[in-house]
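> The listed protein sequences derive, respectively, from chains A and B. Under UniProt numbering, the first residue of the first sequence is numbered 1, with each subsequent residue one higher. Under UniProt numbering, the first residue of the second sequence is numbered 1, with each subsequent residue one higher.
Hints may contain errors.
Intra- or inter-copy, both count: the list cannot distinguish identical chains.
[As the list claims (entries may be wrong)] Only pairs whose alpha carbons sit at most 30 angstroms apart, straight line, appear in this in silico BS3-like list of lysine-lysine:
1) Lys76 / Lys218
2) Lys160 / Lys118
3) Lys180 / Lys278
4) Lys160 / Lys32
5) Lys118 / Lys265
6) Lys76 / Lys278
7) Lys160 / Lys59
8) Lys118 / Lys278
9) Lys63 / Lys32
10) Lys218 / Lys63
11) Lys215 / Lys31
12) Lys192 / Lys265
13) Lys32 / Lys265
14) Lys215 / Lys35
15) Lys118 / Lys76
16) Lys218 / Lys31
17) Lys63 / Lys76
Think of the hints as simulated: they come from the structure by calculation, not from any bench. The structure presented is a predicted model; accordingly, all values stated were derived computationally and were not measured.
There are 2 protein chains.
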Amino acid sequence: MELIIYEMLYIIGLGLGDERDITLKGLDAVKKCEKVYIEAYTSLLSFGLSTDGLSTLEKLYGKPIILADREMVEEKVDNILLEARGSDVAFLVVGDPFGATTHTDLVVRAKTMMVDVKVVHNASVMNAIGICGLQLYRYGETVSIPFFTETWRPDSFYEKIERNRNLGLHTLCLLDIRVKEPTLESLCRGRKQYEPPRFMTINTAIDQLLEVEQKHGKSAYDEDTNCVGFARLGSEDQMIVAGTMRQLCTVNFGEPLHCLVIVGKTHPVEDEMLEFYKITTENPEQKGNEMLEFYKITTENPEQKGNGIA
Amino acid sequence: MELIIYEMLYIIGLGLGDERDITLKGLDAVKKCEKVYIEAYTSLLSFGLSTDGLSTLEKLYGKPIILADREMVEEKVDNILLEARGSDVAFLVVGDPFGATTHTDLVVRAKTMMVDVKVVHNASVMNAIGICGLQLYRYGETVSIPFFTETWRPDSFYEKIERNRNLGLHTLCLLDIRVKEPTLESLCRGRKQYEPPRFMTINTAIDQLLEVEQKHGKSAYDEDTNCVGFARLGSEDQMIVAGTMRQLCTVNFGEPLHCLVIVGKTHPVEDEMLEFYKITTENPEQKGNEMLEFYKITTENPEQKGNGIA
């Protein structure tokens with residue numbers, strides 16, 4: 001009898017919502033892996049993964065999961081890959097493995113070490129934003145909005161947004177996430193201590209965007225520019241609100257993750273769809289909650305849900 | 001006791017590969033729906049859905065599926081929506097409900113008829129192309145390449161590609177699909193007969209692209225421009241090959257669906273990843289097959305699979 005050695009790293013997208021957004025194919029793969037890692041960078045925020053969150057996944061998978069923070073991925077990736085040379089190893093990521101947060105480095109490293117890689121795709125923020133009705137093929141280059149500090153206020157996104165706007169294209173703004181940032185104190189003392197995780201809200205993003213517009217003054221956008229704000233996209237309690245920058249600033253979008261789309265030139269069918277998300281009431285927060293109800297996926301206890309919401 | 005009436009239309013993304021690319025959430029929803037439709041427009045080609053294909057899905061779901069062609073969706077959508085006012089109805093789409101082929105119309109129509117809509121996201125070509133290593137946020141506007149005829153050779157894509165290339169951005173080219181096109185004869189006689197389904201190959205797309213470049217002569221791209229060809233993206237036998245337009249023209253990518261990315265300015269990590277897909281052998285078809293092996297997801301009979309491919 002021949003001994004067959006597996007060398008397989010599965011990189012599996014979990015989608016955007018909760019543990020039941022994994023595909024059947026992804027679950028099949030997790031179930032046969034000996035070790036299962038999950039990237040902590042976005043999963044902590046978007047899946048709200050505490051010990052409880054991990055337990056939910058562990059219960060579904062029937063095996064323990066190892067939380068792989070950025071440090072572990074950067075420093076110990078070779079160990080993970082060595083494990084994958086003797087057994088099947090799963091690396092779980094929020095969204096799609098090659099969506100907004102990419103794992104290209106991991107694949108390149110794996111291939112260099114002759115470890116075979118299998119990818120299981122899933123939804124990512126890059127395609128799920130299509131739900132607001134703005135056509136994905138009408139987006140220009142995606143931009144990232146980093147947290148401004150007293151001394152560091154990079155604004156290279158401005159030129160890109162300006163370009164997209166001039167072409168009538170929509171712009172997806174990915175908002176900064178800070179997980180496991182070392183404290184200034186810890187950097188000085190050489191002892192590792194971390195800042196609490198932070199994520200950028202839509203409100204902060206708009207503040208920063210308007211500050212940069214004021215600085216450059218090229219009218220790429222202004223307070224009256226139409227946008228769509230997304231919070232917890234793809235999850236049970238997602239919130240999608242369309243309105244001007246000024247309007248969205250007044251909305252409390254709640255828990256992470258947030259992202260923002262700056263609307264370009266729209267087609268009539270895009271307008272029709274956006275209309276459903278528009279702030280029309282005096283109380284935008286309530287409108288947000290209506291939309292939340294509107295798109296909720298109720299898979300459990302459907303009996304508890306009455307008729308549709310207008 | 002109260003009678004609760006459901007009015008729910010589930011629009012469920014099936015992902016890109018086979019029946020096991022549905023999410024657990026999507027399957028939960030299908031299982032509780034009384035009627036299940038599947039859009040025929042792309043599913044016929046990408047899932048290779050014959051009667052057999054449907055049977056595979058029907059077996060998994062434990063219920064019959066109704067094939068909804070474009071005609072049915074356009075002409076009988078109100079009937080489908082009326083059904084959704086008395087029971088749960090599922091509408092299955094290949095990829096993500098708001099990916100490359102959008103279903104915004106259906107949602108708008110449903111909401112106008114006060115039918116509640118729930119969306120279950122999945123991977124789409126718009127994010128799964130990330131697997132080739134080109135970063136999704138470095139893409140410009142997406143273009144569509146339509147089949148040229150003797151008299152109709154629209155080339156509005158040219159200007160968009162030129163713009164993306166000037167900005168150093170990658171361009172996703174979606175290639176034409178023709179399903180259930182009425183024959184010229186049938187149009188004349190008023191009796192419905194259809195052309196066999198057609199999909200554009202990467203080779204045809206490149207021929208058309210080069211013809212248009214020759215016509216405009218603005219050097220947006222040429223035969224030496226780097227591209228990535230994708231066939232059956234996300235499925236077991238997907239094929240991804242990187243090379244110049246001239247090289248890709250010699251590759252037989254096989255069965256549908258195909259799409260093409262025109263590479264912009266690359267970062268080193270993008271180059272490293274592209275390297276794995278490059279045509280290096282005398283026999284590009286064989287290279288394609290290697291890549292195919294490389295990314296295959298083998299969920300059945302893992303025992304039959306040996307060591308990784310370099």
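> Tell me, in ascending order, the numbers of any earlier hints that this structure violates.
1, 2, 3, 4, 7, 10, 11, 12, 13, 14, 16
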